[in-house]
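Student: Listed here are the chains, written in short residue letters.
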Amino acid sequence: MSKSNQRKSRIVDKTFKYIGLAFTVFALLVLAVLITDILIKGLTRINWSFFTNLPSRHAANSGILTALAGMLSLLFFTILIAIPIGILAGVYLQEYGTNNKFAKFIEINIANLAGVPSVIYGILGLTIFVRLFGLGNSLLAGAFTLALLILPIIIVATREAIRAVPGTLREASYGMGATKWQTTRRVVIPSALGGILTGIILSISRAVGETAPLLVIGALVYVPFIPEGPNDQFTTLPIQIFNWVSRPQAAFITNAAAGIIILLLITFILNGIAIYIRSKWYKNIKY
Amino acid sequence: MDYKLEAKNANLWYGNKQALKDITLSIEPNSVTAFIGPSGCGKSTLLRCFNRMNDLIEGSRIKGEFLLDKANIYKDIEVYDLRKRVGMVFQKPNPFPKTIFENVAYGLRINGINDKKLLAEKVEWSLKNAALWDEVKDNLNNSALSLSGGQQQRLCIARTLAVEPTVVLMDEPASALDPISTAKIEDLIYELKNKFTIVIVTHNMQQAARVSTKTAFFYLGELIEFDETKKLFTNPEEEKTQNYITGRFG
Chain E
48 MSKSNQRKSR IVDKTFKYIG LAFTVFALLV LAVLITDILI KGLTRINWSF FTNLPSRHAA
108 NSGILTALAG MLSLLFFTIL IAIPIGILAG VYLQEYGTNN KFAKFIEINI ANLAGVPSVI
168 YGILGLTIFV RLFGLGNSLL AGAFTLALLI LPIIIVATRE AIRAVPGTLR EASYGMGATK
228 WQTTRRVVIP SALGGILTGI ILSISRAVGE TAPLLVIGAL VYVPFIPEGP NDQFTTLPIQ
288 IFNWVSRPQA AFITNAAAGI IILLLITFIL NGIAIYIRSK WYKNIKY
Chain Z
-6 MDYKLEAKNA NLWYGNKQAL KDITLSIEPN SVTAFIGPSG CGKSTLLRCF NRMNDLIEGS
54 RIKGEFLLDK ANIYKDIEVY DLRKRVGMVF QKPNPFPKTI FENVAYGLRI NGINDKKLLA
114 EKVEWSLKNA ALWDEVKDNL NNSALSLSGG QQQRLCIART LAVEPTVVLM DEPASALDPI
174 STAKIEDLIY ELKNKFTIVI VTHNMQQAAR VSTKTAFFYL GELIEFDETK KLFTNPEEEK
234 TQNYITGRFG
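As they're listed, the protein sequences go chains E and Z.
Last residue of the first sequence: 334 (our numbering), numbering continuous.
Last residue of the second sequence: 243 (our numbering), numbering continuous.
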């Protein structure tokens, strides 16, 4: 290579580095502006009564109690439904079904499912859970819908975590006379648990922010009571925010900003836990 | 003579490729038998037939008989039971990401033994037999992954011994270890011979000469020569064996 060519490629190399840096900074800057804007608008609105008040016609008296309670109950049922199905499906696909056509067919479709817009899940939920199963616009219908939405995430995370477990560990277990199920339960799943948990938490943080599918299945925007059972109607924080944002009064916009801060905080905490588990797990386990 | 392990006209194919060609050999109880030969000669494959680890490889097919205490390994014995009686130690130390104690207790737990006192006794017995007890007795609840490579391999041996097999198969157990750890494993193999029947695959001919009572030399899927170790290394019958042990090929 000639000298001028070398210089040229050095310049290209440097230029690329700075362009990359500029775009990264730009993306972070946008996020920072958004967060700052929300904090300025909403931070002063957050006080204890904001958490304990029911929704109200008066912005100043409105709180997120029912939305928070609705969201937590919804997540509880969603997790209850999605975790066992997701883990078992992931384990089956990776450990038992890797070489049959049926599993390959399912695998492709799960990848497709992960890319389906969430509002489509809402329509599916409306058709199946709300109408066909007659669950109405209840917590349970919402939980089933959200569970469908996050299942692909859990399945994919489970499969990847299981795939990362070295074959030598399985060999060691089989070599001692363990059955496939014993090997899966006592060696493979415990070794993959860090990755599985990370996937589950990330899927929950995805579910936390979902609005569209819940609106489609008929979650209410105004719920003056805390849901007491799986058949009760409900609202969630993103829906409450959606409701406030669509109000003309400025005071409700402030409420929305405050609600967004809480929602962001929940998401950040969940993601933080996921990152913590991941780093702790991989520090302890090196093969 | 009551042989511990026998192969009679044993053939094995991986897909279309024949890995073992008409092998017949018998292994005496409480002996150390070494399998040597160049890579791809079938020695590991034959070893893995004795506890059916080849079953896990898709497309593998066998013909002929493999016997453990006169019973057909592929017909008369259930595979899980077989693997409890014929344990295996692998090339790379592969402890589970669990504590030292739980690693050794694994084989007992999958057999439904959960009695704490019994587990503790068996774990101690196994670790002592694997010459690891003194080094780890105060740290049984530490992660097995905190041990050195050589200790990990001895832990894997202890884990295999815990279910009290009668045969221990070793697939190049020291090839990933430093010379000092290797020497410890070799001493251990020599000791274990008193209680177990040992079959070891090795690339290291000095190792075969040091630890084994009998040696089998394989080449391209065939058993070329099987004799007393001393005889095979000093006065082999076959020219191929002579060439291999003097380093002319392989």
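Hints listed in this document are in silico derivations from the structure and should not be mistaken for laboratory results.
It is possible that some hints are incorrect.
[As the list claims (entries may be wrong)] Computed cross-link-like contacts, EDC-like style, restricted to lysine to aspartate or glutamate with a CA-CA straight-line distance of at most 16 Å:
| id | chain 1 | residue 1 | chain 2 | residue 2 |
| --- | --- | --- | --- | --- |
| 1 | E | Lys227 | Z | Asp48 |
| 2 | Z | Lys130 | Z | Glu95 |
| 3 | Z | Lys85 | E | Asp60 |
Student: For the pair supplied as a hint, Lys227 of chain E and Asp48 of chain Z, is the alpha-carbon distance within the 16 Å limit?
Tutor: Status holds; Cα separation ~13 Å.
Student: Taking 16 Å as the top limit, are the C-alpha atoms of Lys130 of chain Z and Glu95 of chain Z close enough?
Tutor: Given that 16 Å is the threshold and the Cα spacing comes to 13 Å, the pair holds.
Student: Holds or violated: Lys85 of chain Z and Asp60 of chain E, Cα atoms, limit 16 Å.
Tutor: Outside the cut-off at roughly 42 Å; violated.
Hint compliance for this structure: hint 3 is the single one not met.
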